[in-house]
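Colleague: Here is what each chain is made of, one letter per residue.
2 protein chains.
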Amino acid sequence: MNRIIKLFNIKYPVIQAGMVWCSGWKLASAVAEAGGLGLIGSGSMYPEILDEHIKKIKDSTDKPFGVNLPLIYPYADEHIKVILKNNVKIVFTSAGNPAKYTSTLKQNGITVAHVISNVKFAKKAEDAGVDVVVAEGFEAGGHNGIEETTTMVLIPLIRKNVNIPLIAAGGINDGKSMLAAFCLGAEGVQIGSRFVASLESSAHRNFKQKVIDSGDGDTMLMMKKLMPVRLLKNKFYYDVLDAENKCADAEKLKELLGKGRARKGMYEGNLDEGELEIGQVSALIKEIKSAGEIVEDIINEFLVVRKKISELDFTG
Amino acid sequence: MNRIIKLFNIKYPVIQAGMVWCSGWKLASAVAEAGGLGLIGSGSMYPEILDEHIKKIKDSTDKPFGVNLPLIYPYADEHIKVILKNNVKIVFTSAGNPAKYTSTLKQNGITVAHVISNVKFAKKAEDAGVDVVVAEGFEAGGHNGIEETTTMVLIPLIRKNVNIPLIAAGGINDGKSMLAAFCLGAEGVQIGSRFVASLESSAHRNFKQKVIDSGDGDTMLMMKKLMPVRLLKNKFYYDVLDAENKCADAEKLKELLGKGRARKGMYEGNLDEGELEIGQVSALIKEIKSAGEIVEDIINEFLVVRKKISELDFTG
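Residue numbers (the working numbering), protein chains in the order written: chain A, 1 to 316; chain B, 1001 to 1316.
Worth flagging that the hints you see were computed from the coordinates, not collected in a lab. Heads up, some of the hints might be wrong.
As the list claims (entries may be wrong) - Straight-line Cα separation of at most 27 angstroms, DSS-like style, residue types lysine-lysine; simulated pairs:
#1 A/Lys123 / B/Lys1089
#2 B/Lys1100 / A/Lys286
#3 B/Lys1100 / A/Lys120
#4 B/Lys1308 / B/Lys1100
Stated by the list, open to error - Calculated from the model, a selection of chain B residues having no Cβ within reach of chain A, i.e. all distances over 12 angstroms:
#5 Thr1061
#6 Ile1072
#7 Glu1078
#8 Thr1151
#9 Lys1246
Virtual Cβ for every residue (Gly too), placed ideally from N, Cα, C.
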C-alpha cells in the first residue's frame, strides 16, 4: 500500500502545497474534501490568523489537513504553540533545520514532513525523525535550494539516499507529471502553482490571471545572493534583474525587496510592484478551476497516461 | 508504433547524444550495435577528422548512426559537405537556426532532428521541416537554453505545441528517467552524461572518474552573459564564479574561457584548468560501463519500473 495515503489517512497521494498568501483554510479544505491533503500556508499569517484558519478548516471538513511552517519565519515559535493548542495532526516544515522542532512535534503525536532540496538535508531530516521528506526541484515556485537540482534528478537521488517516504515537488501540475514523479521514485506529489490558479485559492484574481497567461521563460530564479526565489517576470522582477546585473549584494537586494512585497503582489494584486512567486509549470496552466476538479483531473489523467504507457510496444 | 524507432530504423528509442570530445565513432558504433542510435559529436572535430570518424563507423557497424552538428560551429559549412559526401542518413543539428541547413539536408534524403529548449524554437524547427525535435532541459550538460526550463516542464510544453516526434534530453540516464520522460510525452530519449562515463567514450579517464565521483550540487549553469553552459565544479569553474561575482561581462568571460578549454578538460584530462561539461545527472552515475551494457540496463529498468508502476494500488 502507498505509504503516503496510509501515513496521512487520505484517498490520493496528492498534497496541496502550503503557500504564502495563496493557501488558507478554504483551499486546504477543498483539497481535503476532494481526497488529497490540503495544507494551510502559515508563512504569511500572524499567530492569531493561523488560529482562525485552523478553527475554520475544522468547522468545514472532517478530513485530514496540515499546516506548512517555514522554520525561518519570525513567528515560528508562536505558530508551534497555535498548532499544538489546536491539536493539528500534520505539519510540513520547510526552510530551516529539521532538528529544531521535529521532536516536540513528534512527542505531541504529530506526523511531520520536511521540505528539502539536497541529499544532505534529506539525511538530516531522516536523522531528526521526520516521517516523510518532500524533495523540491529547481522548477518550483517561491524559495528554492542553492544547488538548483531539478525534480528529474533530485527525486531518484533522494530515493537512493533515504528510506522514509518521499513526496516530489516542483514541476508537477497534472496526472502526467505525477506519474513521471512516481516513475522516478516518489510516493506522493506536492503541487503548488496549479492550486494558486484555483477558485478557492486566496491569491488575488490579478495574480491568478497572470499565472494562466504566462508562458515558458516567464519565471526565473532570482536573488541568489540573498535567498533564491523563483519569480514571475514583472516590473519588480526587472528591477531585481537590473540590480543583479549591476552586481547587487545581499544587503542591496534586501533593501530592494523591502517589506510586504509578496503580500502586495500575490494577495493585493499589484502586478507591477509586488513579488509574484510561481513555478515554471505556470506555463502549462491555462485555466482557473475548482480545487476539487483539479484533484479529479490529476487522478484521471494519471490513470489514462499509465494505461497508455503500459501499452507501448517498442520493446517487443 | 513508436515514431522514433520507425524514423531511425533502430530497436530502442534511445539516442546517445553527440558530445564534444566524448563521442567519436567508437561510442556511436557501440550504441548502434546495442540497438540505440549513436551520434558522432562533430562539434570538436575538424572536417577531415569527421570524415575519418564517419568512415570508421561505417566499417564497424551496419546499423544506423547519425552526426550531431552545432550550427554555430565555425566548420559547419564544411561539415555539411563531409556529411553529404559520405552519404550520412541522420543529422542532429543544435545551437542555431534550424532553417539554415534543413532543406539542404532533406533534399539529400537525410532525416533531420533539431535540438531546442523553448516553444518558439520548437515551432521554428517544425516550420523548417525537421523530422523530430529534441527538447533539452536545464539539467543537461554543456550548452543550454536561456529560459532555464527543466525537462519536467519542457517536455509536456513542447508536446502541446508541436506535432512532430519528440525526444527528451536533460536529466535522463536510466530506465526510470526514460519512463518518466515518456509519461511527460516524449517518444524517445537523448542521453549524454551516462555515455560520457562509458568504456567507449573518448573522454579522458580523469574526466570519467570525476563524473562518477560527483554528487548533487556539483554542476552549475555558468557564463549566462556569454552562452550558458553547465560545468562540473573545478578550479576553472571557481575562476568563472569569481569573475561572475565581480560582474564580468561577456567580453571578460570570453577572455577567461580562452581557446581549447573543453579539449583540455574533457579530452586531455586536465581537471584544474579544463572546462568540464556534464549534466546534473552525473550525481546519479557511479560506475563506468560499456555502452552496450548501459543501453541494456536502461531498457531492462524501463520495463521493471513500468510493471511496478502499473501495479500501484492507491487509486483502487
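Colleague: Next, verify each hint and record whether it holds.
Modeller: Do the hints match the structure? See the list:
1. A/Lys123 / B/Lys1089: Violated, at about 49 angstroms.
2. B/Lys1100 / A/Lys286: violated, 34 angstroms
3. B/Lys1100 / A/Lys120: violated, 46 angstroms
4. B/Lys1308 / B/Lys1100: Violated: B/Lys1308 and B/Lys1100 sit about 45 angstroms apart, past 27 angstroms.
5. Thr1061: holds, 20 angstroms
6. Ile1072: holds, 20 angstroms
7. Glu1078: Answer for B/Glu1078: holds, closest chain A Cβ roughly 34 angstroms.
8. Thr1151: About 5 angstroms separates B/Thr1151 from the closest Cβ of chain A, which leaves it inside 12 angstroms; violated.
9. Lys1246: At about 7 angstroms from chain A, B/Lys1246 fails to clear the 12 angstroms cut-off, so the statement is violated.
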